[in-house]
Amino acid sequence: MDILSKKYNPGVNELTIDLKRVEHEMGYTENNITDDFRNILNKLYHDALKYIHPCVVFSIYPPGTASASRGEVSLNKIDFKTGKIISGQLKKMDSVAIFALTIGSEFDKWSKGFFETGDPLAAYIADLIGSEFAESLADWLEERIAETAEKNNLGHSNRYSPGYCGWSVSEQHKLFSLLENDCGIKLTETALMQPIKSVSGIIGLGKDIIKKEYQCNICDIEFCYKRQIDQNKKVKNET
Amino acid sequence: MHDILEQLSICVERGKVDIKSPFPADMKGREGADELTRKAIENKIPASKILNDALMTGMQRIGEKFGQGKAFIPDLLIAAKAMNAAMEHLKPFFESGEAKHKGKIIMGTVSGDLHDIGKNIVKMVLKGSGWDVIDLGVDVSSQKFIDALAEHPGSYVGLSALLTTTMLHMQDTTQVIKDTYPGTKVFVGGAPLSQEFCDKIGADGYFRDPQSFAKYLSGIVQ
Ligand code: B12
Chain A
1 MDILSKKYNP GVNELTIDLK RVEHEMGYTE NNITDDFRNI LNKLYHDALK
51 YIHPCVVFSI YPPGTASASR GEVSLNKIDF KTGKIISGQL KKMDSVAIFA
101 LTIGSEFDKW SKGFFETGDP LAAYIADLIG SEFAESLADW LEERIAETAE
151 KNNLGHSNRY SPGYCGWSVS EQHKLFSLLE NDCGIKLTET ALMQPIKSVS
201 GIIGLGKDII KKEYQCNICD IEFCYKRQID QNKKVKNET
Chain B
1 MHDILEQLSI CVERGKVDIK SPFPADMKGR EGADELTRKA IENKIPASKI
51 LNDALMTGMQ RIGEKFGQGK AFIPDLLIAA KAMNAAMEHL KPFFESGEAK
101 HKGKIIMGTV SGDLHDIGKN IVKMVLKGSG WDVIDLGVDV SSQKFIDALA
151 EHPGSYVGLS ALLTTTMLHM QDTTQVIKDT YPGTKVFVGG APLSQEFCDK
201 IGADGYFRDP QSFAKYLSGI VQ
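Chains as they are written, first to last, in our numbering: chain A, 1 to 239; chain B, 1 to 222.
By construction, these hints were calculated from the structure, which means they are not laboratory data.
Model, not experiment: these values are computed from the prediction.
Hints may contain errors.
Straight-line C-alpha distance at most 30 Å; calculated DSS-like pairs for lysine-lysine [unchecked claim]:
1. B:Lys127 / B:Lys178
2. A:Lys91 / A:Lys151
3. A:Lys81 / B:Lys200
4. A:Lys43 / B:Lys200
5. B:Lys127 / A:Lys43
6. A:Lys186 / A:Lys174
7. A:Lys20 / B:Lys28
8. A:Lys207 / A:Lys20
9. A:Lys112 / B:Lys49
10. B:Lys127 / A:Lys109
11. B:Lys104 / A:Lys112
12. A:Lys43 / B:Lys20
13. A:Lys186 / B:Lys144
14. A:Lys109 / B:Lys144
15. A:Lys20 / B:Lys70
16. A:Lys174 / B:Lys200
17. A:Lys212 / A:Lys92
18. B:Lys20 / A:Lys112
19. A:Lys112 / B:Lys127
20. A:Lys112 / B:Lys144
21. B:Lys28 / A:Lys112
22. A:Lys43 / B:Lys102
23. A:Lys112 / B:Lys102
24. B:Lys65 / A:Lys43
25. A:Lys211 / A:Lys92
26. B:Lys104 / A:Lys109
27. A:Lys84 / B:Lys200
28. A:Lys112 / B:Lys215
29. A:Lys112 / B:Lys91
30. B:Lys20 / A:Lys20
31. B:Lys70 / A:Lys112
32. A:Lys112 / B:Lys65
33. A:Lys50 / B:Lys20
34. A:Lys20 / B:Lys65
35. A:Lys109 / A:Lys50
36. B:Lys20 / A:Lys109
Just a few of them, taken from the derived set where beta-carbon distance is under 7 Å, the chain A residues facing chain B [to be verified]:
37. Asp36
38. Phe115
39. Thr117
40. Pro120
From the three backbone atoms N, C-alpha and C, an ideal C-beta is built for every residue, glycine too.
Produce the complete structure using the sequences and hints provided.
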């Protein structure tokens with residue numbers, strides 16, 4: 001098996017987002033959001049669909065090319081200093097999928113435009129909608145990688161991104177040096193991707209690797225939003 | 001209190017911009033901050049009274065609710081929008097000195113960073129709380145902050161960043177500002193920031209949300 005590189009432009013209709021989660025990000029629960037805000041959210045959601053142009057690229061490396069140990073993930077001659085949390089989760093991997101994705105630059109222009117026309121509320125809500133779509137596109141991509149892995153009798157891990165779980169965001173440069181970046185995502189010197197609603201990362205593959213629920217107790221970063229989601233789930237389950 | 005002023009404060013608190021605006025639903029068709037401010041001026045109510053007894057009161061009420069977890073960023077933003085509609089009518093009074101801002105604050109997203117949603121929200125809330133905000137935009141170099149301080153001496157400064165890579169630039173910017181204009185107060189915020197980081201770089205305060213920042217600033221100028 002050679003390196004398998006793919007690019008997809010899924011339609012926005014292939015992505016689903018949960019507007020309840022956006023309401024939650026806005027600060028509300030189902031019981032205290034007003035119809036006014038819900039209507040604005042619904043309208044912006046429908047308008048947003050026109051401006052979202054998803055693009056994903058990924059490369060799957062053949063078995064035997066990747067390994068993880070002691071805070072590092074090695075791929076061919078490149079060592080990613082992922083930190084021990086991620087390398088620990090990936091220790092059974094023997095190959096890897098690397099990816100980058102974006103919902104496109106038109107979305108950025110649209111959502112920022114609201115500030116210029118004096119509607120900061122719309123700008124804020126549109127921005128949250130964009131973030132949800134970027135996450136949803138990452139889920140979509142994970143499924144494609146999982147399918148390909150399964151065809152080759154390989155299991156897959158969660159996705160991990162530079163900037164999470166102790167992996168420095170500056171390592172984006174190493175990741176991008178390996179990617180065939182046909183989605184036109186620009187990486188600044190400071191490792192910021194443009195368009196803003198973009199995500200990059202890796203997924204470990206291997207015969208013995210299995211995806212575990214995203215476990216927040218493996219990591220100690222307090223401000224991480226996955227932790228917030230995790231805690232919300234717990235609160236929901238308890239009530 | 002004057003009836004117009006009380007109504008105006010409610011319009012600001014609830015985010016009722018003008019008569020055309022469909023929000024909030026229960027105030028549909030009623031006059032909003034725009035019309036009522038015009039009326040107040042026509043009724044010869046002093047601009048400073050309109051500002052303090054109506055507009056600021058409305059913003060304060062919604063700010064308190066935010067502090068108690070009963071209102072959220074969207075509530076602050078619609079209130080700020082109503083406030084800005086009112087402020088348009090007060091512009092001439094600010095120019096003549098009859099009405100005054102609480103002070104000036106220079107805001108920008110630091111160099112290497114292009115994320116502006118957080119900074120823009122803070123800007124809106126501060127403007128709504130009566131501050132004159134000079135927005136330098138994104139990817140702002142230390143030199144640009146220095147130039148802005150030369151143009152607007154005595155201003156406060158607010159820095160924003162999204163990533164741990166770019167938040168490092170807050171350190172040089174804070175340093176350069178403090179070296180060039182000692183005594184300038186520099187405040188920081190953004191997703192990866194913490195009080196600890198703020199202390200480490202010698203900034204004067206970290207705030208997690210715009211409201212606590214606005215409240216703190218109002219406290220230091222009182
Ligand atoms: C939504 C989100 C995304 C979305 C959208 C990103 C975007 N920028 O629009 C998506 C999924 C695309 C994404 C991608 C990434 N993300 Co992200 N993301 C978030 C999340 C959950 C919220 C960010 C946000 O937009 N919040 C809403 C806005 C309004 O809030 P804000 O900008 O923070 O501003 C508020 C306050 O901070 C404050 N404030 C802001 N500025 C100032 C200034 C002053 C003076 C004051 C007083 C206050 C203040 O007031 C504002 C209003 O309340 C945060 C975690 C979190 N809970 O904050 C991570 C977070 C920002 N992401 C992170 C990372 C690492 C990434 C990626 C690099 C991951 C990757 N490799 O793909 C990419 C980078 C994207 C890029 N363009 O380069 C890290 C950054 C830290 C770091 N390690 O560098 C965070 C902190 C998550 C973490 N690890 O815990 N992300």
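Cross-check of the supplied hints:
Straight-line distance between C-alpha atoms of Lys127 (chain B) and Lys178 (chain B) comes to about 25 Å, which keeps the hinted pair within the 30 Å bound. The hinted pair formed by Lys91 (chain A) and Lys151 (chain A) meets the criterion: a straight-line CA distance of about 22 Å does not exceed 30 Å. At roughly 25 Å between alpha-carbon atoms, Lys81 (chain A) and Lys200 (chain B) fall within 30 Å of each other, so this suggested pair holds. Of the supplied pair hints, the one linking Lys43 (chain A) and Lys200 (chain B) is violated, its CA atoms being roughly 44 Å apart against a limit of 30 Å.
With a C-alpha separation of about 27 Å, the suggested pair Lys127 (chain B) and Lys43 (chain A) falls inside the 30 Å cut-off, and the hint holds. Using a Cα cut-off of 30 Å, the hinted pair Lys186 (chain A) and Lys174 (chain A) holds, with the two alpha carbons roughly 14 Å apart. A hinted pair counts as satisfied when its Cα atoms are at most 30 Å apart, and Lys20 (chain A) with Lys28 (chain B) qualifies at roughly 26 Å. For a cut-off of 30 Å, the pair hint linking Lys207 (chain A) to Lys20 (chain A) is broken: about 37 Å separates their Cα positions.
At roughly 35 Å between alpha-carbon atoms, Lys112 (chain A) and Lys49 (chain B) are farther apart than 30 Å, so this suggested pair is violated. Pair hint Lys127 (chain B) plus Lys109 (chain A) holds up; C-alpha atoms about 24 Å apart against a cutoff of 30 Å. Annotation: proposed proximity of Lys104 (chain B) to Lys112 (chain A) holds, straight-line Cα distance about 24 Å (limit 30 Å). Distance restraint check for Lys43 (chain A) and Lys20 (chain B): the Cα-Cα separation of roughly 18 Å lies within the 30 Å cut-off, and the hinted pair is therefore satisfied.
With a C-alpha separation of about 24 Å, the suggested pairing of Lys186 (chain A) with Lys144 (chain B) holds against the 30 Å cut-off. The straight-line distance between the Cα atoms of Lys109 (chain A) and Lys144 (chain B) is roughly 25 Å, inside the 30 Å bound, and the hint therefore holds. The straight-line distance between the Cα atoms of Lys20 (chain A) and Lys70 (chain B) is roughly 18 Å, inside the 30 Å bound, and the hint therefore holds. With a CA separation close to 29 Å, the supplied pair Lys174 (chain A) and Lys200 (chain B) stays within the 30 Å bound.
Proposed proximity of Lys212 (chain A) and Lys92 (chain A) is supported: the alpha carbons are some 13 Å apart, at most 30 Å. A distance of roughly 24 Å separates the Cα atoms of Lys20 (chain B) and Lys112 (chain A); the hinted pair therefore holds under the 30 Å criterion. Straight-line distance between C-alpha atoms of Lys112 (chain A) and Lys127 (chain B) comes to about 18 Å, which keeps the hinted pair within the 30 Å bound. Proposed proximity of Lys112 (chain A) and Lys144 (chain B) is supported: the alpha carbons are some 23 Å apart, at most 30 Å.
Of the pairs offered as hints, the one joining Lys28 (chain B) and Lys112 (chain A) holds, with about 28 Å between alpha carbons and a cut-off of 30 Å not exceeded. About 36 Å separates the Cα atoms of Lys43 (chain A) and Lys102 (chain B), which puts this hinted pair outside 30 Å; it is violated. A hinted pair counts as satisfied when its Cα atoms are at most 30 Å apart, and Lys112 (chain A) with Lys102 (chain B) qualifies at roughly 28 Å. For the proposed pair Lys65 (chain B) and Lys43 (chain A), the alpha carbon gap of about 26 Å is at most 30 Å, so the pair holds.
For the suggested pair Lys211 (chain A) and Lys92 (chain A), the alpha carbons sit about 11 Å apart, so the restraint of at most 30 Å is met. For the hint linking Lys104 (chain B) to Lys109 (chain A), the alpha-carbon distance of about 29 Å falls within 30 Å, and the restraint holds. Distance restraint check for Lys84 (chain A) and Lys200 (chain B): the Cα-Cα separation of roughly 26 Å lies within the 30 Å cut-off, and the hinted pair is therefore satisfied. This hinted pair checks out: Lys112 (chain A) and Lys215 (chain B) have alpha carbons roughly 27 Å apart, not beyond 30 Å.
Between Lys112 (chain A) and Lys91 (chain B) the alpha-carbon distance is near 26 Å, which keeps this suggested pair within the 30 Å criterion. At roughly 29 Å between alpha-carbon atoms, Lys20 (chain B) and Lys20 (chain A) fall within 30 Å of each other, so this suggested pair holds. A distance of roughly 27 Å separates the Cα atoms of Lys70 (chain B) and Lys112 (chain A); the hinted pair therefore holds under the 30 Å criterion. Between Lys112 (chain A) and Lys65 (chain B) the alpha-carbon distance is near 27 Å, which keeps this suggested pair within the 30 Å criterion.
Among the hinted pairs, Lys50 (chain A) with Lys20 (chain B) is consistent with the structure: their alpha-carbon atoms are about 27 Å apart, no more than 30 Å. The hinted pair formed by Lys20 (chain A) and Lys65 (chain B) meets the criterion: a straight-line CA distance of about 22 Å does not exceed 30 Å. Distance restraint check for Lys109 (chain A) and Lys50 (chain A): the Cα-Cα separation of roughly 12 Å lies within the 30 Å cut-off, and the hinted pair is therefore satisfied. A threshold of 30 Å between alpha carbons decides the hint, and for Lys20 (chain B) with Lys109 (chain A) the separation of about 27 Å falls inside it, so the pair holds.
Annotation: interface hint on Asp36 (chain A) holds; nearest CB of chain B at approximately 5 Å, less than 7 Å. The beta carbon of Phe115 (chain A) is positioned within 7 Å of a beta carbon in chain B (closest approach about 5 Å), and the interface hint is therefore held. The closest approach between the C-beta of Thr117 (chain A) and any C-beta of chain B is roughly 11 Å, which is over the 7 Å cut-off, so the hint fails. With a least beta-carbon distance of about 5 Å to chain B, the hint placing Pro120 (chain A) at the interface is held under the 7 Å criterion.
In the structure shown, a violation is registered for the earlier hints numbered 4, 8, 9, 22 and 39, in ascending order.
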